[in-house]
Amino acid sequence: MPILDGALKVGLDHYLYLSAVLFVLGMIGVMMRRNVVVILMCIELMLNAVNISFVAFSRYAENVNGQVMVFFVMTIAAAEAAVGLALAVTVFKKFREVNIRFFEHLKG
Amino acid sequence: MLTSTDFLFYVLAFISVFFGAAVVIARNPIYSAMSLVITMISVAFLFGALDAWFLAGVQLIVYAGAVTVLFVMVLMLFDLKHEMKTFSKGLLGNGVKLIASGVTLGMLLVYIWSTYATEPTFKPLPPAATSSIKATKDLATSLFTDYIFAFEAIGALLLIIAVGAVTLSRITGGTHHADS
Chain A
7 MPILDGALKV GLDHYLYLSA VLFVLGMIGV MMRRNVVVIL MCIELMLNAV NISFVAFSRY
67 AENVNGQVMV FFVMTIAAAE AAVGLALAVT VFKKFREVNI RFFEHLKG
Chain B
294 MLTSTDFLFY VLAFISVFFG AAVVIARNPI YSAMSLVITM ISVAFLFGAL DAWFLAGVQL
354 IVYAGAVTVL FVMVLMLFDL KHEMKTFSKG LLGNGVKLIA SGVTLGMLLV YIWSTYATEP
414 TFKPLPPAAT SSIKATKDLA TSLFTDYIFA FEAIGALLLI IAVGAVTLSR ITGGTHHADS
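Top line first, the protein sequences correspond to chains A and B. Residues in the first sequence are numbered consecutively from 7, following the numbering used here. Residues in the second sequence are numbered consecutively from 294, following the numbering used here.
In short, the hints are calculated from the structure, not lab data. Here the structure is a predicted model, which is why all the values come from computation and not from measurement. Be aware that a few hints might be false.
What the hints assert, rightly or not - To give a feel for the contact side, a few chain B residues facing chain A, derived at Cβ under 10 Å:
id	residue
1	Asp344
2	Lys382
3	Ala443
4	Gly448
Stated by the list, open to error - Straight line, CA to CA, 35 Å or less: simulated DSBU-like cross-link-like pairs of lysine-lysine:
id	chain 1	residue 1	chain 2	residue 2
5	B	Lys382	A	Lys99
6	B	Lys382	A	Lys15
7	A	Lys15	B	Lys427
8	B	Lys427	A	Lys99
9	B	Lys430	B	Lys416
10	A	Lys99	B	Lys390
Note that CB positions come from ideal geometry on N, CA and C, so glycine has one too.
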């Protein structure tokens, strides 16, 4: 089956499909979970999905600019996890729970 | 004909999507963290399949190592014995969220299919460029010449983040000093 064979041959589009699926999975998690730590994990999942498409485009265009961007995304992800978890610890100290609804008390 | 690299891609894609869904679905946050580790590792192997060997190593060390350990440490600190409400309430709201996610996924997939499905597959790299040392050297050259300002700015950002995280963790008794 030449058509199916052509569709199964892995190219740029397959990596982009995978990236889109992982991104939407992370998006569902961010919207539907209540635990702040799990929400942060889902954000990491979304950033990883973006990284896959960056690297795939970098391989396709045969230059390293996309990979440099992945470095920056990884750094931002680590920084975001650090601050988010520090906030979660602060909220946990006060309310003994890390449910997202307590974050509306973060004033001043 | 499917080559071994294609087969590897399908296996890794299945693993990463399966455990990515497990991150979202698992009730216990520890299971979410462990599923996230497996997703990260399979993404690292996908980077390897795309000849980004240095990034594959960084992904393993920084994500699967450092960031996930940070998550697990915080979960251990919380010690959530009682199961909180895992998902947000409201059938209508959740339905709208799922439909919006499905529509987003559909639009993305159709866009990718209509734009990139006719593109040729990856050209094989010249033998000199497939050497991981050469690829890493190119990456470093680009990082320290074209992107030097962004690189330094990221360094400054990391310093600010470190100070901010320490400041946040020094706050005792939550955010309301008046009533605590």
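Review point. Which of the stated hints cannot be reconciled with the structure, identified by number in ascending sequence?
Key: 6, 8
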